[in-house]
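Visitor: Listed below are the residues making up each chain.
2 protein chains.
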Amino acid sequence: MREYPVEIKDLFEPEGVAIIGASRIPGKVGYKLLENVVTSGYQGGIYPVNRKGGELLGLKVHTSIRSIGSRVDLALISIPAEHVLEAVRECGEIGVKFLIIITSGFAEVGNIEGERKILEEARKFGMRVLGPNIFGIYSSKVDINATFGPATIKKGNISIITQSGALGIAMIGKTATENLGLSSMISVGNKSDINESDLLDYLSDDDDTKVILIYVEGVKEGVRLMSSLKAASRKKHVIVLKSGRSKKGAMAAASHTGSLAGEDLVFDDIMKQCGVLRAVSIEEAFNWCRFLSESTMPGGENVVIITNGGGIGVLATDACETYNVNLYDNYNMLDSTFKDVIPSFGSAKNPIDLTGQATDTDYIRSLRKALETDEIHGVIALYCETAMFDIEKTVELMSTVYGEFKNRKPIIFSAFGGEMIKDAIGRLTTMNVSVFDDVYNSVSCLGALYRKYRYMNRKEHPKIKPNIDMVRIREIVRSALDDGRRFLLAPEAQELLKASGIKGARSITVKNIQSALTAARDIGYPVVLKVVSKDIIHKSDAGGVALDLINDDEVMDGYQAVMRNCKTYMKNAEIEGVEVCKMIPKDTETIIGGRKDKTFGPIVMFGLGGIYVEVMKDITFRAYPIDRLEVMDMVKGIRTYPILLGVRGEEMKDIEKIMDTIIKVGMLIDQIDEISDIEINPLMVYPQGEGAIAVDARILLNDDRRGDQK
Amino acid sequence: MREYPVEIKDLFEPEGVAIIGASRIPGKVGYKLLENVVTSGYQGGIYPVNRKGGELLGLKVHTSIRSIGSRVDLALISIPAEHVLEAVRECGEIGVKFLIIITSGFAEVGNIEGERKILEEARKFGMRVLGPNIFGIYSSKVDINATFGPATIKKGNISIITQSGALGIAMIGKTATENLGLSSMISVGNKSDINESDLLDYLSDDDDTKVILIYVEGVKEGVRLMSSLKAASRKKHVIVLKSGRSKKGAMAAASHTGSLAGEDLVFDDIMKQCGVLRAVSIEEAFNWCRFLSESTMPGGENVVIITNGGGIGVLATDACETYNVNLYDNYNMLDSTFKDVIPSFGSAKNPIDLTGQATDTDYIRSLRKALETDEIHGVIALYCETAMFDIEKTVELMSTVYGEFKNRKPIIFSAFGGEMIKDAIGRLTTMNVSVFDDVYNSVSCLGALYRKYRYMNRKEHPKIKPNIDMVRIREIVRSALDDGRRFLLAPEAQELLKASGIKGARSITVKNIQSALTAARDIGYPVVLKVVSKDIIHKSDAGGVALDLINDDEVMDGYQAVMRNCKTYMKNAEIEGVEVCKMIPKDTETIIGGRKDKTFGPIVMFGLGGIYVEVMKDITFRAYPIDRLEVMDMVKGIRTYPILLGVRGEEMKDIEKIMDTIIKVGMLIDQIDEISDIEINPLMVYPQGEGAIAVDARILLNDDRRGDQK
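Same order as they appear, the protein sequences are chains A and B. Sequential numbering from 1 applies to the first sequence in the working numbering. Sequential numbering from 711 applies to the second sequence in the working numbering.
Treat the hints as calculated values from the structure; they're not laboratory data. There could be a bad hint or two in this list.
Claimed, not checked - Listed below are the simulated SDA-like cross-link pairs for lysine to any residue, each with C-alpha atoms no more than 25 angstroms apart in a straight line: (1) A:LYS586 / B:PRO1352; (2) A:LYS586 / B:GLY1320; (3) A:LYS349 / A:GLY299; (4) B:LYS1221 / B:GLY1253; (5) B:LYS1346 / A:ILE508; (6) A:LYS582 / B:GLU1264.
Using the sequences provided together with the hints, build the complete structure.
Guide: Quick look at the structure:
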């Protein structure tokens, strides 16, 4: 047996491939697999295995795995599910490194035990497993098409990892039709062993790969995936297409924090955190692949639109806003650059509009001007069909100019018109020039590149570990657990926040009206009363809160009302007492939350507070640990961020304090196994330098003391 | 001279066409125009005019317009701008009805006077003018291609009106390539006379037209356009593509209401009000054209997805949420319908997933099931390339099934894969089956159809004219104008609202502290003080407001503070006094506004109040007059609408009262010429049945008394 784990490299560059279940019936998977391996040009040993023996596609068919007798790194298994386990054992015995289990009928149909056994068997021999329930792998490294999909795959620098087999096979066909070249295509199916992370780790260092596209439906090992994605996206363009954006895919989370957002919102934000570009549709993902696989990184944010049609120019301008592409607006500079190429009734404002009168020569001259000008960092070249252009010549010139400048700055084309334009797009595409007929598709590509550009230009900050009194916090948590509770009472929560250095409202818990009055006078009016009861979590709903009490009379009335309401709300509620708190001055209400996410581990959440957050879902998430820049992204990421900067003459809010609080909440979730959820709601935020106060906090605990992530 | 105005019908069905400026030089517009008219199959008289005479394309060339001597309904003018006026006169003299002025060099380059003169001359003779600065017109009615664009135009039921010439010509080419058939294509250019409204009025009643696509950059005669669009969209599908969605196109409105939203937001909402489908991109507009030109209206909202791939099924489900397509979720019914066609590991949940194992026969059987089932009203059929299908046969079957059911319920296809799929899409497209490779594109089409379906199913309500004391309102307005002001002071505004039946806060305006105290005691504590000054419009910014004063001391302090602040804010501000108002209990703050829009006339605005409205731009607009259903659409149209329904256990708000107030504001803007802007901010809205109070209102007046729409 192997002493060291096999390297994933051997999956992509195997020496010797066995096709177990090779068939002589065209149309059968076992035939197609062998045929593809043979015709793809793979130079290593190819060993079909079928108990019937004989010869197939010019190769000797082995009657058993054991009889191969040569080095086999990779075994493709395509036999009925009930025979797979035996084949796995035999593969182990002859020293196979990787098993590609094509066969379906395992976890995806509920046969989890069957899948577990296979994996167990493989592990005995130190083998790694891809699949089961997959269509195979293509690797340009050794020119092997070990899939039962289309035979023709164009070689290139795009690598595709797909969880869906059907879609993956269709994608192979589509890449060929669309002239997209692949460095690899891997079907991961049930991901019993090898998942996206293993593959990403290899592809990050693969010189033949520039763009990685991942189609994913569900995430396994989310924490590891994040780490692999972060590493990969610093070296490659990583595009993710995840289905299940809609409500159906949303997580049914227990905590209130979770109920604010479906899982997809969390996924979306974490992809941003990892520098991954998330596409909405297959079309968008493929368009990005095409462009990013060819384009260089820009040197700055100044983009210019060159057009011969005003209408498409304006549409492209709209698209630039949609996709956050920055149009250069130094009009003096633009004017002096383009004045001698623009007709008098054209415009040197951006878009640079050459008008329909422009000839192909004018157009190419303007394009060159833009590309040669250092202050311009990216170019969108639009072309609207006109009789003024010799289209043949234009295509030649476009591809020449493109070739000359493509390594210096990003260029994207868009051309709109009839049959001639269709042909031109086809020809330019063959020459690897990125051109789309709709301007929105073109600008979307540039937008993706700029998102990546901005991510790459971030400076990495050290992760922050704030100073928190962990000993005290553990005491509070254990005491609540000892009390048989899975949540902290309000005074405990306030105590925990205090130990974390998060400022709360001063409060005293009392058990009768007289003590309430004493406490209120001590704290100072106005005060708030809140019921303390393990049976009542949503205090407001129960009428268990009395706000803005300004004197003794109101405290007395309030105390009685709270008691009465809570008894009405839940007849047998056990009421520990009433918390008398300082009434916190109103300012900007925010919510900060954290939870142990079952997919991504500790995550934090931020949003503006009040009823808007529930309705608008204007919240952002990040995985912990988190650096200051990531927290800043998170805070800036809400649509209502301008409110924190101060609107209507209000002062800027204490964003630093928000950031500190987010980091502390993240640390608590991460470090204290027993805490599953935290929600500070509201965190009242005052003007810059004046801090923030956690008015209320809900803290939920785990079932046992060893991080049972619900 | 003609006694009655010409009918627009004659533009589409002319008897006799003159081509003034016909040229013998191929490549020249004057040649192309003639060539297109001749080759398009037009059976009427064709009269080329060129002072050089001779013969051209087999036709006699007239040396002058006057020498034609036959009936000419339509004259295409393509001669230098300086000669156009003379040609117009001559056309008038021979009884031409329509002038199509191809020539550019008029208003679009600042030559407004030249354009005015031409129009004036045309009107003398009762002629109508299309253009100038256009590429012409195509009309399938008489098979005339009177454009200088591509010669080949496929006949069909889509009509395109375009403001951009360059884009329009390219669109002609694109329609041919995409197999989209046209009933007409009209270039409107400068719209000196004929604009979209004239054309819509004709096309609404044109039996050959099913879909009207309008590309627009700017709107002239907005009020008339709305009326034409409303009428047209009840008979046809009307799609609008308007560029200038982004900030650049936003209106720089003087009023605060206007500053909340760019013009595009207003345009967008008014298109909804008119039942128009607004597309974002050309691709989307063309996709919708294709689908809507063929599809029937659904009989209900139950849509089913049939797929042979789980992945694309989930993507389509996501897309259904994006485009608001309702997936049928009666799982019992779905199960009983599809149980005998779905494999055991497939799913009869919606999407109906036949899995990659399904054959073409299974697929078509399921499709038929869905189409034959009455409870299912629309079908999305997805196909992911697989070896299990005979693609040739599938295409045949798909088109057969489509043909059989297309008049009974809407069906949209999506097919994803390689070369074979590309061919299949091409073939199906030729057979007028709507199929796209990306599921988002397909679902977007169905979404457009359902938007229209919902619009058509609205019941028309009578327009409401609330009872308002117009006499009193005019007195208030005139008195302010007599005072030399262009706005109402707060007490005047409250008085105006009262006369309109809009409840305000009780208030008394005073001029010294002693009167303030008397007023405060009279009104009852708590009260608010607000400065009254014609020099201070933004009272809060000036520190001219003191809130929540609960006793005499606070009123005294507040009065002094307001005076001091205002003097600091603006040294020479003339202060008329201080308004003492009842402090209004907090509840849900909304904003209701109205203004005379320079494009669309009287419009009303609604949004939730507070700082969110500015940041989130969560506001809706409608043009006045407005029926109750339209007001309801408007209120429901804000994303924060659920807040009005009551969140977190709050009661539903008094939506009726909001609607009443919107209608009243609309009526004021519409009926009182002197009022240019109204903003009630906030309108505090209480629970259902408890009404609403206009806490503050800003009312701006016009410069003179005859509706000078700024």
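Visitor: Next, verify each hint and record whether it holds.
Guide: Comparing the hints with the structure gives:
no., hint, in the structure
1, A:LYS586 / B:PRO1352, "24 angstroms, holds"
2, A:LYS586 / B:GLY1320, "14 angstroms, holds"
3, A:LYS349 / A:GLY299, "22 angstroms, holds"
4, B:LYS1221 / B:GLY1253, "17 angstroms, holds"
5, B:LYS1346 / A:ILE508, "44 angstroms, violated"
6, A:LYS582 / B:GLU1264, "22 angstroms, holds"
Consistency note: the structure conflicts with earlier hint 5 alone.
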